[in-house]
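Q: Going down the list, the protein sequences come from chains C and F. Mapping of the first sequence onto the working numbering: residues 634 to 879, in sequence order. Mapping of the second sequence onto the working numbering: residues 634 to 879, in sequence order.
Treat the hints as calculated values from the structure; they're not laboratory data. Any given hint could be a false lead.
As the list makes no split between identical chains, a pair holds if one copy fits it or if it spans any two.
[Said to hold, decoys possible] Pairs of lysine to aspartate or glutamate residues, derived as EDC-like cross-links and limited to a Cα-Cα distance of at most 20 Å, are as follows: (1) K812 <-> E784; (2) K828 <-> E756; (3) K823 <-> E851; (4) K812 <-> E822; (5) K757 <-> D746; (6) K782 <-> E822; (7) K650 <-> D676; (8) K749 <-> E781; (9) K650 <-> D663; (10) K812 <-> E756; (11) K812 <-> E780; (12) K724 <-> E703; (13) K825 <-> E851; (14) K825 <-> E784.
Protein chains: 2
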Amino acid sequence: MPSPPPFHKQLEHALAKKEIIILLATCSIDYNGRAQSSLASGDRLLIIKPDGTLLVHQPTGNVPINYMKEGTHIHITAQPNVWLLHAHHPKNQEFMTIELTRIYHLYTQQVHDGEKIILHGHEKDMSDMLYAQPDLIEPGLRAVSREEKTEFGFIDVLCYDQHNNLVIIECKRNQADFKAVEQLQRYVEKVKQSKGITNVRGILASPSISANAKTFLEQLGYQHVAINPPHFKEQHRKNQKKIGEY
Amino acid sequence: MPSPPPFHKQLEHALAKKEIIILLATCSIDYNGRAQSSLASGDRLLIIKPDGTLLVHQPTGNVPINYMKEGTHIHITAQPNVWLLHAHHPKNQEFMTIELTRIYHLYTQQVHDGEKIILHGHEKDMSDMLYAQPDLIEPGLRAVSREEKTEFGFIDVLCYDQHNNLVIIECKRNQADFKAVEQLQRYVEKVKQSKGITNVRGILASPSISANAKTFLEQLGYQHVAINPPHFKEQHRKNQKKIGEY
DNA sequence: GGGGAGAGATGCCGC
DNA sequence: GCGGCATTTCTCCCC
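Input sequences plus hints: build the corresponding full structure.
A: If you want it as structure tokens, here you go:
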């Protein structure tokens, strides 16, 4: 029975055929590009995708410890006791060198997946809700526009109140912070300036706001309205049910 | 020769022994937690780490299409034609169900890696440089403090100029945007207020700034100074050399 | 644990 | 391509 081709030949073959490559190995890593990094030797999981994505995962943590994005050119060279995996992203001017000293496992395969994820519960769902039902914010509000583009950014929801003051609403699906207040401030000030009016109100709609951000908000003369993103409670109830199902 | 244990037994064993688990399979996925998502059937790479991290990768892209963070409890159940992988993160109140219909490949192993990455070229390197050499910004500047905490955030570098005006410097290692200008504005206004003085200057130090952000900055009476993060040119030179080496 | 801010942020959509 | 901005942002640091 003929022996299998050497590791680097297998890898080259998989790269050429644009297979997904799963490699568990002891390696050290150097990166040079938008920043510089070095990582001493350890056991890691390397993933090379058909689109030229390279991910390096340690045994813990959510995020790859090193990575190269789609469009990376990869090649491997065999040396007496190590393999050198060179990764180069021409457009981003990024380079990575992985020195492999021990190969635990290599698997490669053609994969097919054309499906896209369907995601709900993001901020747009919240601004959709407030555009459809502005009285969740305050009785008498009339919604005028959504995602209105200004020179200084996009206004989530624009309304008039019952006294015909313009009302600018900025939504956050999570707790609001300084940045959210500043976004609101930027839109309000810009609209006042460009329309030459002063009766413009600013409302920050979010489930909560940090104490400091609230102080800041109120100093600027704006309001916070506590609003949960849509289906927040239903979602929680579903979770509770699922606990029972387990 | 005895046949190997069924897939779900192998997986249970690996979970119990806290091995890293690499699984290439056809699956569909539902997630419920901070948001809700569903993903129809396709070929994906699943990774389960010893710390309870679960990653789902499609054949393209940098980022996992679905994930559960460290601390996730995972168990698997076998049904007539499918396996159900249940993932539950108690603290985050998150749930994921993965329906596996075809197993291409399963590999599990103990892994060891205690190494930490060494990273250079981040923003702190830049504020360190400006604290040490404030005259890179403007002749006659005297640095007073770094990372100074205020009620409204942290000031990167605080200086006095040759006319004894207080100068607040905000650093960005990349192109500055609206948010950077607003951060600077917040610090300057807060310092003016808390110290009861008006001669406070604001300087944004970054390699570049977007046109709109620059307009905004100047309307507020602040300045932009073009500064590259340290070793930027050296880094580029290194890259150039590496191109030659290839 | 919360707050504040950077990140080799990433990804999406707009122009 | 850049710009503006949300992200199941993530991660780190400091209180």
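Q: Between copies, within a copy, both or neither: which fits K823 and E851 at Cα up to 20 Å?
A: both (18 Å within a copy, 14 Å between copies)
Q: Between copies, within a copy, both or neither: which fits K650 and D663 at Cα up to 20 Å?
A: For K650 and D663, the Cα distance exceeds 20 Å both inside one copy (26 Å) and across copies (31 Å).
Q: Is it within a copy, between copies, both, or neither that the alpha carbon of K825 lies no farther than 20 Å from that of E784?
A: Classified as within: same-chain Cα gap 13 Å, cross-chain 28 Å, threshold 20 Å.
Q: Between K650 and D676, at a C-alpha cutoff of 20 Å, which is it: within one copy, between copies, both, or neither?
A: between (26 Å within a copy, 17 Å between copies)
Q: Since the copies are identical, ignore which copy is meant and state whether K782 and E822 lie within 20 Å (CA to CA) inside a copy, between copies, both or neither.
A: within (14 Å within a copy, 27 Å between copies)
Q: Cα distance capped at 20 Å. Does K812 pair with E756 within a copy, between copies, both, or neither?
A: Both ways: K812 and E756 sit 15 Å apart in one copy and 19 Å across, limit 20 Å.
Q: When no copy is specified for K812 and E822, does a C-alpha distance of 20 Å or less occur within a copy, between copies, both, or neither?
A: Classified as both: same-chain Cα gap 15 Å, cross-chain 15 Å, threshold 20 Å.
Q: Go through the copies and call it for K724 and E703: within, between, both or neither, with a Cα cutoff of 20 Å.
A: within (11 Å within a copy, 34 Å between copies)
Q: Between the shortest in-copy and the shortest cross-copy C-alpha distance, which are at most 20 Å for K757 and D746: within, between, both, or neither?
A: neither (27 Å within a copy, 41 Å between copies)
Q: Tell me, please, which holds for K812 and E780 at an alpha-carbon limit of 20 Å: within, between, both or neither?
A: both (18 Å within a copy, 18 Å between copies)
Q: Please sort K828 with E756 into within, between, both or neither, judging by C-alpha distance up to 20 Å.
A: neither (28 Å within a copy, 38 Å between copies)
Q: I want to check one pair: K749 and E781. Are their C-alpha atoms no more than 20 Å apart within a copy, between two copies, both, or neither?
A: neither (28 Å within a copy, 45 Å between copies)
Hint check: violations occur at hints 2, 5, 8 and 9; the rest are consistent with the structure.
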